[in-house]
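Number of protein chains: 2
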Amino acid sequence: MKQLDKITPRDVDFSQWYTDTVINAKLASYGPVKGTIIFRPYGYAIWELIQKYLDGKFKEIGVENVYFPLLIPQSLFQKEKDHIEGFSPEIATVTRVGDTELPEPLFIRPTSEVLMANYFKNEVKSYRDLPLIYNQWTNVMRWEKTTRPFLRTSEFLWQEGHTVHSDRKEASDLTLKILDIYTEFANNLLLLPVISGKKTEREKFAGADSTYTIESLMHDGQALQCGTSHYFADNFSKPYEIKFQNKEGKLEHAYSTSWGVSTRLIGAIIMTHSDDNGLVLPSSISPVQIRIIQIKETEEVLKVSNDIKNLLSNKYRVDTDKTDKSFGFKISEAEIKGIPLRIEIGPRDLENDQVTISRRDTREKIQVNVREIEQAIDQMIKEYDANLYANALKNRENRTSKAKTIEEYKKVLESNQGFVLVPFCGEVECEEKVKKETSTNSRCIPFEQDNKIENCFNCNKETKLKVYFARAY
Amino acid sequence: MKQLDKITPRDVDFSQWYTDTVINAKLASYGPVKGTIIFRPYGYAIWELIQKYLDGKFKEIGVENVYFPLLIPQSLFQKEKDHIEGFSPEIATVTRVGDTELPEPLFIRPTSEVLMANYFKNEVKSYRDLPLIYNQWTNVMRWEKTTRPFLRTSEFLWQEGHTVHSDRKEASDLTLKILDIYTEFANNLLLLPVISGKKTEREKFAGADSTYTIESLMHDGQALQCGTSHYFADNFSKPYEIKFQNKEGKLEHAYSTSWGVSTRLIGAIIMTHSDDNGLVLPSSISPVQIRIIQIKETEEVLKVSNDIKNLLSNKYRVDTDKTDKSFGFKISEAEIKGIPLRIEIGPRDLENDQVTISRRDTREKIQVNVREIEQAIDQMIKEYDANLYANALKNRENRTSKAKTIEEYKKVLESNQGFVLVPFCGEVECEEKVKKETSTNSRCIPFEQDNKIENCFNCNKETKLKVYFARAY
Numbered sequence: 001m002k003q004l005d006k007i008t009p010r011d012v013d014f015s016q017w018y019t020d021t022v023i024n025a026k027l028a029s030y031g032p033v034k035g036t037i038i039f040r041p042y043g044y045a046i047w048e049l050i051q052k053y054l055d056g057k058f059k060e061i062g063v064e065n066v067y068f069p070l071l072i073p074q075s076l077f078q079k080e081k082d083h084i085e086g087f088s089p090e091i092a093t094v095t096r097v098g099d100t101e102l103p104e105p106l107f108i109r110p111t112s113e114v115l116m117a118n119y120f121k122n123e124v125k126s127y128r129d130l131p132l133i134y135n136q137w138t139n140v141m142r143w144e145k146t147t148r149p150f151l152r153t154s155e156f157l158w159q160e161g162h163t164v165h166s167d168r169k170e171a172s173d174l175t176l177k178i179l180d181i182y183t184e185f186a187n188n189l190l191l192l193p194v195i196s197g198k199k200t201e202r203e204k205f206a207g208a209d210s211t212y213t214i215e216s217l218m219h220d221g222q223a224l225q226c227g228t229s230h231y232f233a234d235n236f237s238k239p240y241e242i243k244f245q246n247k248e249g250k251l252e253h254a255y256s257t258s259w260g261v262s263t264r265l266i267g268a269i270i271m272t273h274s275d276d277n278g279l280v281l282p283s284s285i286s287p288v289q290i291r292i293i294q295i296k297e298t299e300e301v302l303k304v305s306n307d308i309k310n311l312l313s314n315k316y317r318v319d320t321d322k323t324d325k326s327f328g329f330k331i332s333e334a335e336i337k338g339i340p341l342r343i344e345i346g347p348r349d350l351e352n353d354q355v356t357i358s359r360r361d362t363r364e365k366i367q368v369n370v371r372e373i374e375q376a377i378d379q380m381i382k383e384y385d386a387n388l389y390a391n392a393l394k395n396r397e398n399r400t401s402k403a404k405t406i407e408e409y410k411k412v413l414e415s416n417q418g419f420v421l422v423p424f425c426g427e428v429e430c431e432e433k434v435k436k437e438t439s440t441n442s443r444c445i446p447f448e449q450d451n452k453i454e455n456c457f458n459c460n461k462e463t464k465l466k467v468y469f470a471r472a473y
Numbered sequence: 001m002k003q004l005d006k007i008t009p010r011d012v013d014f015s016q017w018y019t020d021t022v023i024n025a026k027l028a029s030y031g032p033v034k035g036t037i038i039f040r041p042y043g044y045a046i047w048e049l050i051q052k053y054l055d056g057k058f059k060e061i062g063v064e065n066v067y068f069p070l071l072i073p074q075s076l077f078q079k080e081k082d083h084i085e086g087f088s089p090e091i092a093t094v095t096r097v098g099d100t101e102l103p104e105p106l107f108i109r110p111t112s113e114v115l116m117a118n119y120f121k122n123e124v125k126s127y128r129d130l131p132l133i134y135n136q137w138t139n140v141m142r143w144e145k146t147t148r149p150f151l152r153t154s155e156f157l158w159q160e161g162h163t164v165h166s167d168r169k170e171a172s173d174l175t176l177k178i179l180d181i182y183t184e185f186a187n188n189l190l191l192l193p194v195i196s197g198k199k200t201e202r203e204k205f206a207g208a209d210s211t212y213t214i215e216s217l218m219h220d221g222q223a224l225q226c227g228t229s230h231y232f233a234d235n236f237s238k239p240y241e242i243k244f245q246n247k248e249g250k251l252e253h254a255y256s257t258s259w260g261v262s263t264r265l266i267g268a269i270i271m272t273h274s275d276d277n278g279l280v281l282p283s284s285i286s287p288v289q290i291r292i293i294q295i296k297e298t299e300e301v302l303k304v305s306n307d308i309k310n311l312l313s314n315k316y317r318v319d320t321d322k323t324d325k326s327f328g329f330k331i332s333e334a335e336i337k338g339i340p341l342r343i344e345i346g347p348r349d350l351e352n353d354q355v356t357i358s359r360r361d362t363r364e365k366i367q368v369n370v371r372e373i374e375q376a377i378d379q380m381i382k383e384y385d386a387n388l389y390a391n392a393l394k395n396r397e398n399r400t401s402k403a404k405t406i407e408e409y410k411k412v413l414e415s416n417q418g419f420v421l422v423p424f425c426g427e428v429e430c431e432e433k434v435k436k437e438t439s440t441n442s443r444c445i446p447f448e449q450d451n452k453i454e455n456c457f458n459c460n461k462e463t464k465l466k467v468y469f470a471r472a473y
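Going down the list, the protein sequences come from chains A and B. So for the first sequence, the UniProt record's numbering puts the first residue at 1; every next one is plus one. So for the second sequence, the UniProt record's numbering puts the first residue at 1; every next one is plus one.
A couple of the hints might just be wrong.
Cross-link-like lysine to aspartate or glutamate pairs, in silico, EDC-like; alpha carbons within 20 Å at most [claimed, not checked]:
id	chain 1	residue 1	chain 2	residue 2
1	B	Lys238	B	Asp129
2	B	Lys145	A	Glu300
3	A	Lys177	A	Glu104
4	B	Lys57	A	Glu48
5	A	Lys315	B	Glu60
6	B	Lys433	B	Asp450
7	B	Lys325	A	Glu123
8	B	Lys204	B	Glu248
9	B	Lys59	A	Glu48
10	B	Lys322	A	Glu184
11	B	Lys34	A	Asp99
12	A	Lys52	B	Glu60
13	A	Lys322	B	Asp307
14	A	Lys26	B	Glu123
15	B	Lys145	A	Glu104
16	B	Lys6	A	Glu60
17	B	Lys309	A	Glu60
18	B	Lys34	A	Asp129
19	B	Lys34	A	Glu101
20	B	Lys433	B	Glu414
21	A	Lys79	B	Asp99
22	B	Lys52	A	Glu60
23	A	Lys26	B	Asp129
24	B	Lys26	A	Glu123
25	B	Lys322	A	Asp99
26	A	Lys309	B	Glu414
27	A	Lys125	B	Asp324
28	A	Lys6	B	Glu123
29	A	Lys247	B	Asp307
I should point out that these hints are in silico values taken from the structure, not numbers from a laboratory.
Pulled out of the complex, with its shape left as it was, chain A reads as follows (with noise of 0.2 Å):
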């Protein structure tokens, strides 16, 4: 894939603007196999960053890492009738080992959930066994019609939490619990201003109970599923028969639930901060929060540019550019990278004890006495951060409407897109219906709720909930 010279503006073709954002930024490149990516070291940069934060978090709340294998016999699959529904089309199988058929196909998980379920039918006894709360960082296979850097591909990288516990409610809250972290991170490291709720009965997970998820809105007006957490109940304990003696020495069956992040998170991440001239990165998950850029080589530069690194190296990850590029090139280079801040060091500015700092989100300059650089930095990196919620959360609220019946719905997202609320039956065969008129379906319905009966703006049936619907990536 050639490196092209220029970003296509965001306003003129969004999606363009996407892909050469990625390839421009050296986030990704093509793979050969059609529908997968190239993850170039500055995209799994970011991923690792992702990994880093959030593994910190299960473990905190008890979360064993495990691996389970790749492949999924055919026919252990097929068990769960939805989940088995669900994924089918989308399934690359082995079929043969060199020159060898094999005996029966093997899949390549497009998910966990039969390998874990079947995994727990062995290992559990008793309700002194459990809760089992596992997670894996692995690979999974989709494959996809249109795919984009990102946000579909046929292989992607995630996360798959898997629990099971001898309590309904307990598995229930987990889902919750973990619902609540990945709120957080979206919101506080991702700067992401998403809304958390449940989805409808159309879009929950292949085989669950119920799906939590929380929803970003891209700067487009197109929403994005940032993350999902499956209550079970025992959906998959009854086929897979995962059974546990209870307190009360009575088998029962178990109840479960599975949640994760996917590397669709870069994409939500470039698709709500970036702009005309690259990348716009949140600083936590920056690979290079800070990067020096001398404008002379003096000796004097490089000696306090060598200074500054070590004193900010502590809390920030810094670097200095040390390419034989000239000046202008190494600061558009900084720009479409997504860098935060860049401290540019020069003689002229050193004879004042100075040096400049640029934010890559306003583009503003500010002059700084070099002994105060930590605490400008700080202040900085705070309100850069700040800025970039703000931006996103504007956005999204400007781009949230109401309605009240369907014409209303189309009106509406045709001059706005995002998110509209609209009262909503919740049945599957409405929304089935509102999809194929509008291309557009359910993203969740919000835990806050007013509780007032309205009318479906779909089938016009009596409902209390509120739900967001948009289009989505």
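With chain A fixed as given, assemble chain B onto it according to the hints.
Same frame as chain A, but now just chain B:
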């Protein structure tokens, strides 16, 4: 897989002892597809500690992590002749998605040289783009006829480094720098006294110019390859057309390397250090380094346990067994899991301000004043690790012999299975014959050579080379 009550003694049946240890220590279970395993939390935690250490070391020398796709189109794989010949019979092949046959079969990566080469081809234009020093932590598949948890499984986890350089020597030096990291890691952290050296022509990696290796000797005298580093010269850059413009402005083929260690290291640790009571783990990769066990839960015992845990947690991975199992059960569980030190705290000892510390390796117990516990632990961990290494080294030394002829070689192997240093011509056909006749092969050409001319132990040809042969896993 059912939990066994007893571990088969190591000297009665080494292979059964190994499996019993893996299962009883809850490191792994078998997956539903033949030859695959499930990494249970305790087994995966060891892998995480291995990853953390090596990943840090790699990053120190400028390695960048990436992620390349799982699937490789058949046509792309076939460009390097030796490579396809080496891997073909073991490759799991995806031929359909859902009900649809794919136009071209896709291989699940057995290793990623081909994908990397194809990427480097597009990425590398000038010597200024080089070197690229990449690594990825992934799953790979190689279908194996006989499998054994960790040692040889159809799917395994590993890191695979892939680099490309403008300079032949720089590439070759990098493979040795990586070998140094592996050697130091194996010796000092895994406490595996490895021999490092070069593979013979027959044993080198499919497509490599030279393969370097670290080889260790298991308790039963069979060798295990623990890590390899390959220098490819331009063997991949020619068929895959990785060319760069050199400083003289001419197009030149680039020089590449690859290197890896896998979850097989966990097998090496088990088969080197463990005993009839279960696992014995080097402290560096032990998920729990110190376990506190309370003899009786008095208020005083709980308080002291807590104080000790807080004190030691700054330096060590410490936990407290809080289950309601018996004291005896807790002790044997800590032993089976190979936890280096246990602190046993009871009311009687506390009357004298004492606690008991037990070592897993020697099963030695000492009584220590509560106020001196940190010092005592520091000292004991050091001695524990030193003892593990010394025992492994002694085993290797006792099991290392020399032989001058094939008859002597066979006799030596029969009486004392282990490494045998022999004068060897290094030729493929000659090694082929040795392999056929003895089911053993060369492990490595050690870096230290006496350079005396002798006669090949098998074909009698004159040679300077001394080579280690052994039966291997």
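Results for each hint:
no.	hint	result
1	B:Lys238 to B:Asp129	18 Å, holds
2	B:Lys145 to A:Glu300	65 Å, violated
3	A:Lys177 to A:Glu104	39 Å, violated
4	B:Lys57 to A:Glu48	16 Å, holds
5	A:Lys315 to B:Glu60	18 Å, holds
6	B:Lys433 to B:Asp450	25 Å, violated
7	B:Lys325 to A:Glu123	19 Å, holds
8	B:Lys204 to B:Glu248	34 Å, violated
9	B:Lys59 to A:Glu48	13 Å, holds
10	B:Lys322 to A:Glu184	31 Å, violated
11	B:Lys34 to A:Asp99	18 Å, holds
12	A:Lys52 to B:Glu60	18 Å, holds
13	A:Lys322 to B:Asp307	49 Å, violated
14	A:Lys26 to B:Glu123	11 Å, holds
15	B:Lys145 to A:Glu104	17 Å, holds
16	B:Lys6 to A:Glu60	34 Å, violated
17	B:Lys309 to A:Glu60	17 Å, holds
18	B:Lys34 to A:Asp129	26 Å, violated
19	B:Lys34 to A:Glu101	15 Å, holds
20	B:Lys433 to B:Glu414	18 Å, holds
21	A:Lys79 to B:Asp99	19 Å, holds
22	B:Lys52 to A:Glu60	18 Å, holds
23	A:Lys26 to B:Asp129	13 Å, holds
24	B:Lys26 to A:Glu123	11 Å, holds
25	B:Lys322 to A:Asp99	53 Å, violated
26	A:Lys309 to B:Glu414	62 Å, violated
27	A:Lys125 to B:Asp324	17 Å, holds
28	A:Lys6 to B:Glu123	18 Å, holds
29	A:Lys247 to B:Asp307	34 Å, violated
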